[in-house]
Amino acid sequence: MAARLNVIFVLLLTLSIVSVGFISYTYAENVLKNSVEERLQREANSTREMAEYLRLAYIGQEDRFEKQFQTGVKEQVVGLMQDDLNTNFFLVDEDVTPLKVNANQELPGEDIVLDYMEEEDSGVLHEDINGERYSYAFLRIQDINKQLVISLPEKSYIGPIKQLQHSMWIVVGASLLISTLIVLFSVRSMTKPLKILRNKMAKVSQGDLTEDVHVTSSIPEIRSLSNSFYNMFKVMRLTIGEVKTTADQLTVASEKMDKSSIDINNYHDQMHEVVSQVGGGAEQTASSSDQSIRWFHEMKGSLQRVTERVEQVKHSAQNMGEKSSDGEEQMTEMITSMDDLSQGFESLHSTIKKVTEHAVTIKQNVATIQQISRHTKLLAINASIEASRGGGAGKGFSVVAMEVRKLAEQTSDLSEGITESVSATNTVSKQALEEFEQMLEYLYKHVDTAKVTKNTFTYLLQHIEETNERLHVMHKAVGHVEQFIPEVEEVTSNFSSIAQQTLASTREMRVLSDRQHVTHEHSLETIKELHDWLDSLTHRLSQFRIE
Numbered sequence: 001m002a003a004r005l006n007v008i009f010v011l012l013l014t015l016s017i018v019s020v021g022f023i024s025y026t027y028a029e030n031v032l033k034n035s036v037e038e039r040l041q042r043e044a045n046s047t048r049e050m051a052e053y054l055r056l057a058y059i060g061q062e063d064r065f066e067k068q069f070q071t072g073v074k075e076q077v078v079g080l081m082q083d084d085l086n087t088n089f090f091l092v093d094e095d096v097t098p099l100k101v102n103a104n105q106e107l108p109g110e111d112i113v114l115d116y117m118e119e120e121d122s123g124v125l126h127e128d129i130n131g132e133r134y135s136y137a138f139l140r141i142q143d144i145n146k147q148l149v150i151s152l153p154e155k156s157y158i159g160p161i162k163q164l165q166h167s168m169w170i171v172v173g174a175s176l177l178i179s180t181l182i183v184l185f186s187v188r189s190m191t192k193p194l195k196i197l198r199n200k201m202a203k204v205s206q207g208d209l210t211e212d213v214h215v216t217s218s219i220p221e222i223r224s225l226s227n228s229f230y231n232m233f234k235v236m237r238l239t240i241g242e243v244k245t246t247a248d249q250l251t252v253a254s255e256k257m258d259k260s261s262i263d264i265n266n267y268h269d270q271m272h273e274v275v276s277q278v279g280g281g282a283e284q285t286a287s288s289s290d291q292s293i294r295w296f297h298e299m300k301g302s303l304q305r306v307t308e309r310v311e312q313v314k315h316s317a318q319n320m321g322e323k324s325s326d327g328e329e330q331m332t333e334m335i336t337s338m339d340d341l342s343q344g345f346e347s348l349h350s351t352i353k354k355v356t357e358h359a360v361t362i363k364q365n366v367a368t369i370q371q372i373s374r375h376t377k378l379l380a381i382n383a384s385i386e387a388s389r390g391g392g393a394g395k396g397f398s399v400v401a402m403e404v405r406k407l408a409e410q411t412s413d414l415s416e417g418i419t420e421s422v423s424a425t426n427t428v429s430k431q432a433l434e435e436f437e438q439m440l441e442y443l444y445k446h447v448d449t450a451k452v453t454k455n456t457f458t459y460l461l462q463h464i465e466e467t468n469e470r471l472h473v474m475h476k477a478v479g480h481v482e483q484f485i486p487e488v489e490e491v492t493s494n495f496s497s498i499a500q501q502t503l504a505s506t507r508e509m510r511v512l513s514d515r516q517h518v519t520h521e522h523s524l525e526t527i528k529e530l531h532d533w534l535d536s537l538t539h540r541l542s543q544f545r546i547e
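The numbering of the sequence shown is UniProt numbering, which starts it at 1 and goes up by one.
A few of these clues could be false.
Label-pair ranges, simulated between beta-carbon atoms [as the list claims (entries may be wrong)]:
1. Lys363 with Glu437: 19 to 27 Å
2. Glu437 with Arg309: 51 to 59 Å
3. Leu512 with Gln318: 19 to 27 Å
4. Val171 with Asp95: 47 to 55 Å
5. Gln500 with Ser260: 54 to 62 Å
6. Glu38 with Ile59: 29 to 37 Å
7. Glu437 with Ile362: 50 to 58 Å
8. Glu154 with Asp111: 18 to 26 Å
If you are wondering where the hints come from, they were derived from the structure by calculation, not from laboratory data. All of these numbers come straight from a predicted model, not from anything done at the bench. Just so it is clear, CB atoms sit at the ideal spot from N, CA and C, and this is done for glycine as well.
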């Protein structure tokens, strides 16, 4: 346990201290890089502002402008060097030209910087050139139509951060060493009392209750745990002593229960023999009475069924008679209705024939109208021709001829529509006429069938009346027999009920006796299990030493 706690605490301390150191170093490095970027951007902006000012001051004086510009840049470089920033200034037009303050220097990573400057007019760039990291600040100076580039190697300003990193790792190592020693001492002071308490618990688990389990410690939690275990130990020792005393008393009581159960078992066997003898006689008596009752019940049931069947047949015959009378009347009404219907169909048949004849007449008249329409149309055409020959005097007659022609065409179209409607009506009338002729034939056949059915109902009604008279005589005979059966059935039923009560009482006594025997058997099994549990409990209690 101590080893696991030491590993966990040391690992947590290591992770915490290393994480804090790494985050602090990373944050300091990022702050320094951001401040250097801002410084480079400020210097580039200062150079541009200086160039703008000098261009305004020395208009048309390129030599003096160039001299003052170089002097200003030199002062900037000196100021940067005082801050440990070894910068180089370059002007980029078509070529890269170093300023006089660093005339012998070249722009490292020239191709990369130029490619980036083609996309951006100003900004800051960080690149690794030949294993060394550089920072670049660049912007366009409009007054000289060139781009200014300031390069700065990272090693010129990262030195203090590296020293900070070295010092920080020394502090981290010392902190880890001191923290580890403190953790080891603290864990040892916590686990030592727990080991002692664990050893004493192991002895208690083996049954040794004579050991003093009180443990002293300066830690409140461990001291509280020790006191709780000590209190539990005292209660357990007292409880085990009481359980031993109770087990001894239960052993004595179980021996007495064994003797009592043997006596109860003997009494039960004697009572079971007596109940069996009484039950045998009751079963024979009940069996004989049951046979008599079943015979009377069967006879009574047969008579009741015969009576019910006679009643059913009687009611059925009466219903058949009534239904036959109703059927005869309905057949008479149906024959009358069918005769009326056949007369109506004949009248309708003649009407449809007349409609067909009128349709033929209308069709002939429409043909005459069509012929007149064609002649009128020809006359209108001739009138139009004559009107055109008459010149201006015939224009009015020509208009009238055109209207007559239109009326003739409309009359022709209307007559064709009437012809189609009349033809359709004629076709439908012929189909209806044929269907009505078929329906008349079916109707005549149904009238003949209905007359035959009426005669059959009349014959059936006569035989149903004869059957009703015979059933009435049979019903009276069955009623006389039913009057004598209840008296005999009552006597037999009383005798059977007495026998059944005796048999039921005997069976209840036998069931109660069996239940008592089963309960006694369960009691014996329970006593045996109690003996086993007491033996097991005594064996387990013997493992504990209280004194």
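Exercise. Between lysine 363 and glutamate 437, is the Cβ distance one that fits in 19 to 27 Å?
Worked result: holds, 23 Å
Exercise. Is it true that the C-beta distance of glutamate 437 to isoleucine 362 lies inside 50 to 58 Å, as the hint says?
Worked result: Since the Cβ atoms of glutamate 437 and isoleucine 362 sit about 24 Å apart, the hinted range of 50 to 58 Å is violated.
For this session: Go ahead and decide if the range 18 to 26 Å is satisfied by the Cβ distance of glutamate 154 to aspartate 111.
Result: About 20 Å separates the Cβ atoms of glutamate 154 and aspartate 111, which means 18 to 26 Å holds.
Exercise. Are glutamate 38 and isoleucine 59 spaced within 29 to 37 Å by their CB atoms?
Worked result: holds, 33 Å
For this session: Take a look at whether the Cβ-Cβ distance between valine 171 and aspartate 95 falls inside 47 to 55 Å.
Result: holds, 51 Å
Exercise. Between glutamate 437 and arginine 309, does the C-beta distance stay in 51 to 59 Å?
Worked result: holds, 53 Å
For this session: Could you check the hint for me, namely that glutamine 500 and serine 260 are 54 to 62 Å apart, CB to CB?
Result: Since glutamine 500 and serine 260 have Cβ atoms about 38 Å apart, the given range 54 to 62 Å is violated.
Problem set entry | Hint check for glutamine 318 and leucine 512 - Cβ pair distance inside 19 to 27 Å | violated, 60 Å
Checked against the numbered hints given earlier, the structure breaks hints 3, 5, 7 and satisfies all the rest.
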